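Number of protein chains: 2
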Amino acid sequence: MSSDKKALIQPRTLKGFRDFLPALALPREEMIDKARRVFRSYGFVPIDTPALEYSEILLGKGGDEADKQMYRFQDHGGRDVALRFDLTIPFARFAAQHLHNLGTPFKRYHIGPVWRGENTQHGRYREFCQCDFDTIGTGANNADIETGLVIHDLMVALGFERFAIHVNNRRILNGLLEQLQLGAKATQVLRALDKLQKIGEEKVAQEMQEGAGLTPDQARLILEVVQLKGDNAAILDQLQTRLSTCEGAMQGIADLRQLQTSFSALGIPTERLQIDVSIARGLDYYTGTVYETLLGDLPGIGSVCSGGRYDNLAELYTKQHLPGVGASLGLDRLLAAMEELGLIAATAGNTAQILITCFEAQASVNFLALGRRLRQADLNTELYPEATGLGKQLKYADRKGFSIALIGGPDELAKGVWQVKHLREGTSTEVADADLIDYLKRVLSHP
Amino acid sequence: MSSDKKALIQPRTLKGFRDFLPALALPREEMIDKARRVFRSYGFVPIDTPALEYSEILLGKGGDEADKQMYRFQDHGGRDVALRFDLTIPFARFAAQHLHNLGTPFKRYHIGPVWRGENTQHGRYREFCQCDFDTIGTGANNADIETGLVIHDLMVALGFERFAIHVNNRRILNGLLEQLQLGAKATQVLRALDKLQKIGEEKVAQEMQEGAGLTPDQARLILEVVQLKGDNAAILDQLQTRLSTCEGAMQGIADLRQLQTSFSALGIPTERLQIDVSIARGLDYYTGTVYETLLGDLPGIGSVCSGGRYDNLAELYTKQHLPGVGASLGLDRLLAAMEELGLIAATAGNTAQILITCFEAQASVNFLALGRRLRQADLNTELYPEATGLGKQLKYADRKGFSIALIGGPDELAKGVWQVKHLREGTSTEVADADLIDYLKRVLSHP
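Sequence lines, in order, name chains A and B.
Every position in the first sequence, counted from 1, becomes a number in my numbering once 3 is added.
Every position in the second sequence, counted from 1, becomes a number in my numbering once 3 is added.
So here's chain A without its partners, still in its complex pose (with noise of 0.2 Å):
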């Protein structure tokens, strides 16, 4: 620097951003490798879109609070552009510009970050990100069954055992409302019955009626047919007897029906899904099966795995009718969530538990060598760098949550053995130089 006096930027996050540090980095890393995992598993494939597009492509139709939040500015060329608040646009956008190489149906996954400027409060994030996948290009029940097993099998990959898919058929609730006469107030109705979670029964039936004009009997109606209680076939019996001169809320019974069988056929457990006519998710996009995903543990912060089955993904951008499934997995909610149920080890931060301590530099070749060979054998491992003073190594050591350290002094190097030290034990052992990948497989797989 030229002059001492010049001054610091301050260093600092924008509102509502956030660095990852290690110990959240690593474990969400480890979230996306086994939801991957699992995508990959059914056959869904990769896709990634820009950051940036034409603010045209990403506005759709507009007037929405997500238009409101969304990043938008003119680039050096002039051209109004914004960073995607969702992956659902982009896909759309995507899949009108590619599918007719691609071919249907057509699975794929895929995990980015969106932006947001919203309210920060309540924990709320500018950036975050979104892991969606969905089944295109077919209207096949399959593809619906397949979703809800891709949410079951994703749960338990990342390490739950007590949840909940809520599922329901939006096709049920239309039906209900054209019995009830209530089609051209179905906006409202769905409205207020999307706060039943929040608010209650009784505040929901009071804006039924106040807001959408509804009488007591068909508000009182309403919540009685979407708080049916009982095992799942009980409540699609009695949806069945209810709703039976609806086409339309007989089909989709009869598609909750199938799912419901088919997840008792191949042994989910029972509890487990769980059909709930509550559920209307939104009141636009969605008109067959929709799901959301409750932590057993955890139930108040909502559904961590949501989606559900579209008419017609991509009519804004092309004549080609695109029906499909799909359903998008809250990672960084339930990274909150594992860390609140103590499910994110303390050592998270931390890629190697073993570390080379290092003794004067002439000797280093001897713990770059031992380093090598160890990785060679797949136990992750880290030099410490320089030669300083044992202690001052042992210190770090502790801090990174290492479970061993080797050290190689002169004594240890001229008797070929290496001093294991097993850090939370806090014991020592000389084990032969030979013995070292052996004796180390042992005690890491058998902590």
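I should point out that these hints are in silico values taken from the structure, not numbers from a laboratory.
Be a bit skeptical, because a hint or two may be false.
The list treats identical chains as one, so a pair stands whether inside a single copy or across any two.
Distance condition first, Cα-Cα at most 27 Å in a straight line; then the derived DSS-like pairs of lysine-lysine [to be verified]:
1. 206 with 398
2. 322 with 18
3. 398 with 322
4. 64 with 322
Since the structure is predicted, the reported quantities are computational estimates derived from the model, not experimental observations.
Take the given structure of chain A and dock chain B to it, following the hints.
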């Protein structure tokens, strides 16, 4: 849609931006996985930083080419913000902000997109993925040696056999210029030298004389030293003789020699490390070891992994002195190289090798159940969702590059067998349901 006349929005991406279709997205994901495994094996830990930062942070010293290319705008709160154009400046800011908590030495990797509104000629993209790793908080040469080893292991993990890591030490060039009393002209001389590969010896000599005012003898001497030939030890010996009066250069030579002897002792093939005194890698930033990596089969695409040692990472943001060393893997460049060298399999766009074909929807639980069994046996399996004509399903299987299609029509189901169709060979065989997993594992591991 309310009106059929509504115009479609043209689906397109911005100039310089691109979609990743599965055939490219999948090998890219696999490259990133492999790179991560190498980083982790050395104890590097992941971090992530926001895509958007205060412009003040990203502009740093200002005046660079990169600054002009920044995507910079005002956000909703009137903040002057920009998209990151590399991962180095965000890391410097991150280090200044968090390193007092994380401690040193600190070894991190960071893989993510960056944005530069640069000229899109020569196949450059405005959004590309960077893949950086650094060891900071230590000046120890062991970290420089390990940086070279990580580069080596990355290349091997990505499937390259023929490559050379070219290394130099900036102190050697600095010493040479000092000795010639050309220290004041270092910038111009190094700028000319940087063009050696592109424009050749003669034009560089001309530029040194005309641009920097060197005598023909000075230019000749510099070009002679930077082009010393022979094996690595011989080059180092010659440098030592020529620069013996310059302490800084002697330290640089000693560090390179230790790197060279360590690579030898670890059994790294000789041709993979090349002392190359002509490498300067930019003008200001690097102060010690520098690295460039060339592909033996495609040297023309330039360095695919480059980096070096620097004195002080975060001086703009903190008084903490943070020396370090690191490098950046050119993922997208390598991906292009792998395409050109035929290292990306034709089936790269698929994640599953097995397609279960679908018959009459009533039987679909059989197909769902088979998919589940195969996945539980670690066989990635896709189910064709629709009970449509077999010909259509097999055409889909061919197009997507599946190895095997499983056919379970009414006859097969009744007999308890599956027809296994080997799509590449065009052969079929019947396998009993109970033997299917063993059979598939056998044929898929030995195609």
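Outcome of the hint check:
In this assembly of identical chains, residue 206 and residue 398 lie within 27 Å of each other by CA distance neither inside one copy nor across copies; the values are 58 Å within and 55 Å between. Proximity of residue 322 to residue 18 under the C-alpha cut-off of 27 Å is restricted to the inter-copy arrangement: shortest distance 24 Å between copies versus 41 Å within a copy. Within a single copy, residue 398 and residue 322 get their C-alpha atoms only as close as 64 Å, which misses the 27 Å cut-off; across copies the closest is 24 Å, which meets it. In this assembly of identical chains, residue 64 and residue 322 lie within 27 Å of each other by CA distance solely inside one copy; the values are 16 Å within and 50 Å between copies.
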